[in-house]
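Enquirer: Chains as they are written, first to last, in the numbering used here: chain A, 811 to 1085; chain B, 65 to 455.
Warning: the hint list may mix true and false statements.
[Unchecked claim] Okay, the calculated beta carbon distance ranges per label pair:
1. 199/B to 967/A: 32 to 38 Å
2. 338/B to 811/A: 47 to 53 Å
3. 953/A to 216/B: 36 to 42 Å
[What the hints assert, rightly or not] Computed list of chain A residues with no C-beta within reach of chain B, every gap over 12 Å:
4. 812
5. 816
6. 844
7. 876
8. 897
9. 926
10. 929
11. 963
12. 988
13. 1001
14. 1014
15. 1028
16. 1079
In case anyone wonders, no lab produced these hints; they're calculated from the structure.
Each residue gets a CB set at the ideal place from its N, CA and C atoms; glycine is no exception.
This is what each chain is made of:
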Amino acid sequence: MNRLEKHLREVKLRDEKAAIFFITAGDPSLKETFNIMLHLAENGADCIELGMPFSDPIADGPVIQRSTLRALKQNVRLEDILKLVQQFRKKSPAPVVVMGYYNPIIRYGVDRFIQDCVSSGIDGLIIADLPYEEGEDIEKICKENNTSLIYLLAPDIDPKRTRAIVRASSGFIYCVAHYSTTGTHKQNDDKVLPQTIKSLQDMTDLSVALGFGISSLEKAKELSRLADGIIIGSWLIQELESATDKAECAANFVNNVKAAINNHRGKLFSVKREC
Amino acid sequence: MRKKGYFGQFGGQFVPELLMPALYELEEGFNTIGQSPEFKDELTDLLHNYAGRPTPLYFAKRLTEKTGGAKIVLKREDLNHTGSHKLNNCLGQVLLAHKMGKKNIIAETGAGQHGVATATVCALMGLNCQVYMGVEDIKRQQLNVLRMRLLGAEVTPVTSGTQTLKDATSEAMRAWISTVKHTQYVLGSVVGPHPFPLMVREFQSIIGREVREQITRFGLDEPDVIVACVGGGSNAIGIFFPFFHSNAELVGVEAGGYSERIGDNAASINYGKVGVFHGEKSYFLQDENGQIIPAHSVAAGLDYPGVGPEHAYYAESGRASYVTVTDAEAIAAFKLLSHTEGIIPALESAHAVAHAVKIAADMQKEKMVLINLSGRGDKDSQSLQTEEGRA
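Whole structure, please, built from the sequences with the hints as guidance.
Expert: See below:
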């Protein structure tokens, strides 16, 4: 069990709901991302999902596409993201996973990347265009390095395949609320979704987190009740886009979400300050 | 072993999880409905009586004389209904979607030929059709946009990224993720995740199978060389695959664009590196950080930074060779074929003509070079004029 799994288990044991926040590394700059990460952690983010920008993010909706473009304009590379987390680790123990597309990782070297993730303090990875069927090799490398490989799962799929994906997963189970790209507001199926989550929870001790299209405190509340936690990306990025003080915006955002889903703020990660 | 749909080390299914159920459903449909005698009979009937197949195998006498070497023969896919080989695949895929009970079809298009072919078959079968097309391509392929709209399709302009085929494909995939239960994505080339490369090959192989019968007229079993242009590579696979176990030399022609510099061309096998993109492992134009680089070609249908996995496999194994032809050479061949044979080729196909003429000149007169003339060039007349103005 690594830091991520341990932390999520503690949250579950406290009967609280976990809140996972996605931001893109390098949007609007690596320096700002660093500040935002610190404020997310300090105010109770249970995990930070750090987006690694890719030229053609086919699983993402317009908000994350825009965010990706801004980061690519800064020429953000995987090397920079590894360094960013290294710096962050000096200040905070909050779990961090990276999320991206497969091609830049292949270019970097899959083995080398996972080893460098470990030494930088990254706890897991999500690869948007790597379904379970293609993941065998990378699963092995992740396991050897005690790094989580988080697969996405959709409601209403073949139960046999669901079981296989759950068995291959580590870190947490990322369940998608509905069929769409990220940031799309769509009504989720009132019957299918709770059933899916219930059956996932019966299959595994890992936390089940729900994501895609959470864009209000009401929705956050509603979906967190169904699962062990929620993942918020596009909504946060949209708030950050228009904020002048982005770190403060991130802090308030986490506070509001945590308060909404737990009726209190939960455990906070203390951040080391120089002065 | 969980992996499926590989050609050597290339291919696979690298898509977001949300598309996996749809790929399973499509594979199942293709393996059952798609292999049934009823489906095959209906498709054959459409190919003959609707598309006008078989397309002729034509000996280009004046072009041969002018070149002064091997006989040059043209497989006339330009005479297929809608003006290119693209219809072969659309008839197959849309008929399959129809039989699988899908009411909505989405497709991507570059030059507009695949969009027109998809819109055509959707009109024929009474299905809703939405085509994603880059704004840049909409500008340079006005005629095909008009045709798609006439055929009742909705053309959705894509404004993301480079606004060409790469982005249209990404956007079509995004749209499919959101509508997956009632919609079928009809992919236009031998690219993307399994089962598309396999399925598109099967539907395009009619080209090569016809050639096998037609070539006996010349007292031959096979030509010495087969030349076809390669963007994603569907027309090339369609003519290569039935000759895989033959002595014919197979040559794919990639778009060399302005130069060898990355970003100036669309030659993924020649100038790209192995990677994963749009659902498949293959060769892609990319920078040192693995970001996909926009392609360039004067031919909108070749303007794609990747290539089908089966071509990557043919290239690696040496079964086929892949060469490049520049924009300027393709334009010269476009004019040459128009003047000598009265056939205006698509700029895509003109790449194959350019290379075929180059090699035929150095071959003996008894030898034969076969060109897959994948489409006609009416659609290119306007953009060619612009290109000339720039030169």
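Enquirer: Confirm or reject each hint.
Expert: These are the hints, each one checked on the structure:
no. : hint                       : in the structure
1   : 199/B to 967/A: 32 to 38 Å : holds, 35 Å
2   : 338/B to 811/A: 47 to 53 Å : violated, 35 Å
3   : 953/A to 216/B: 36 to 42 Å : violated, 52 Å
4   : 812                        : holds, 23 Å
5   : 816                        : holds, 26 Å
6   : 844                        : holds, 20 Å
7   : 876                        : violated, 10 Å
8   : 897                        : holds, 20 Å
9   : 926                        : holds, 14 Å
10  : 929                        : holds, 20 Å
11  : 963                        : violated, 7 Å
12  : 988                        : violated, 9 Å
13  : 1001                       : holds, 15 Å
14  : 1014                       : holds, 16 Å
15  : 1028                       : holds, 22 Å
16  : 1079                       : holds, 30 Å
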